[in-house]
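As you go down the protein sequences, you meet chains E and S in turn.
Take the first sequence: its position 107, counting from 1, is numbered 107 in my numbering, and each next residue is one higher.
Take the second sequence: its position 4, counting from 1, is numbered 1004 in my numbering, and each next residue is one higher.
These are computed hints drawn from the structure, not numbers from a lab.
Be careful, since some hints might not be right.
Stated by the list, open to error - With a straight-line cut-off of 25 Å between C-alpha atoms, the simulated SDA-like cross-links for lysine to any residue are:
(1) E:LYS163 x S:LYS1061
(2) S:LYS1049 x E:ARG212
(3) E:LYS268 x E:LEU257
(4) S:LYS1046 x E:ASP173
(5) E:LYS105 x E:ARG212
(6) E:LYS104 x S:TRP1026
(7) E:LYS47 x E:SER32
(8) S:LYS1027 x E:ARG21
(9) S:LYS1045 x S:TRP1026
As the list claims (entries may be wrong) - Quick list of the computed label-pair ranges, beta carbon to beta carbon:
(10) E:ARG159 x S:LEU1055: 25 to 35 Å
(11) E:GLU24 x S:ASP1065: 25 to 35 Å
(12) E:LEU260 x S:ASP1065: 50 to 60 Å
(13) E:GLU11 x S:GLU1020: 43 to 53 Å
(14) E:GLY210 x S:VAL1006: 41 to 51 Å
(15) E:GLU132 x S:ILE1052: 22 to 32 Å
(16) S:LEU1016 x E:GLU132: 42 to 52 Å
(17) S:ASN1033 x E:ARG219: 32 to 42 Å
Owing to the predicted nature of the structure, the values given are computational and were not obtained by experimental measurement.
Where is the CB? At the ideal position from N, CA and C, for every residue including glycine.
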Amino acid sequence: MEALVVRPILEGDEVSQYSYRWAEDVISHLKSANFNVNDLGGREVSKTELFEALDSKDPYVVVHYDHGQEDAWIGNRQEPIFSMSDAHMLSGRIAYSMNCLSAKKLGVAAWREGARAYVGYVEEFAFTQDGEALFREAVGHGLYLYLTGLTDWGEIKRRMVDKFNEMIAAARDPWTAMWLRSDRDALRVYNGEVPESGCAFRRAALKLLGPRVGWRVGRGHIAGFALFFFSFGIALWEVGGIRGLPGGYVGLAGMLLAFLLMYSDYVKRIRRR
Amino acid sequence: MTDESVDPKQLQEAILRYLEARPPDWKWFMGRNTFSRDETIQRFKKDQKFRILVLRSALLKAINDFKA
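Let's have the full structure, built from the sequences with the hints guiding it.
So this is what it looks like as structure tokens:
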């Protein structure tokens, strides 16, 4: 099987030099599990290079060790190399990242688009020079577990948390222990857990339809659904007439608009694929 | 202040003393930032947002220790 490891080094950036070295562990684990590893990094990486690697080799595992932001992976100083509109490209794949923040939005989007798993962090990743080995071991542990036969991502998350706890106990200074705790609590393993939502409509959809379907439903669908029932109520009770137009017609127009909203959301989704 | 009383500012002072006791080449990283000892001390003293982040993390770590 194929694996793609993206580990760019940004010019003059010390943090990406660390993440580049840490990715050696991941490459070693992948090679031990008989994966063909496409190693992309050691320098700045462009979006085109990443997409070519995804298209040509069709990797089952995609690893990103570098900077990140809520909605993107970073690979150079010009532009994000992988963002929300690209999330569908992780469908059917395992995405394993050590970057900051990307589990907050990009990870959720990838999971919604059918990624087998997305491992990442919802806060800025912090580490110390003194405790480098502890952070390094903890971040790569999840993929190591998967490659040695554990396929339950919920269990992988639990064991990654245990590994962080083990590293916290082994830390010789409070500063290192403090940031290990912070990284541990920022860890997200989607598939092993369901992403949280701050949106009331989304939470309602999750309760009504369950996590998988509730998260897959697009915003256009949720808005269309709400508008449909609201309009249906207007049409049923013949209320809310506008400028002499009976409420029934207003309700009918609302239902038509709701249908168009849901249809356009559906078409957008199909086009992305 | 009696021996029994505890002032929340004691945590802030303890962290500051800890940072000042670090060797000159000590450093740590957060996101895209590299922090040296002196830079950490400066930010801890002058940047309220940074100070709150560190104090919050220290308290969460203490809570974590009791949970363990």
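Check each numbered hint from earlier against the structure, then list the numbers of those it violates in ascending order. Of the numbered hints given earlier, those the structure breaks are 2, 6, 7, 13 and 16, listed in rising order.
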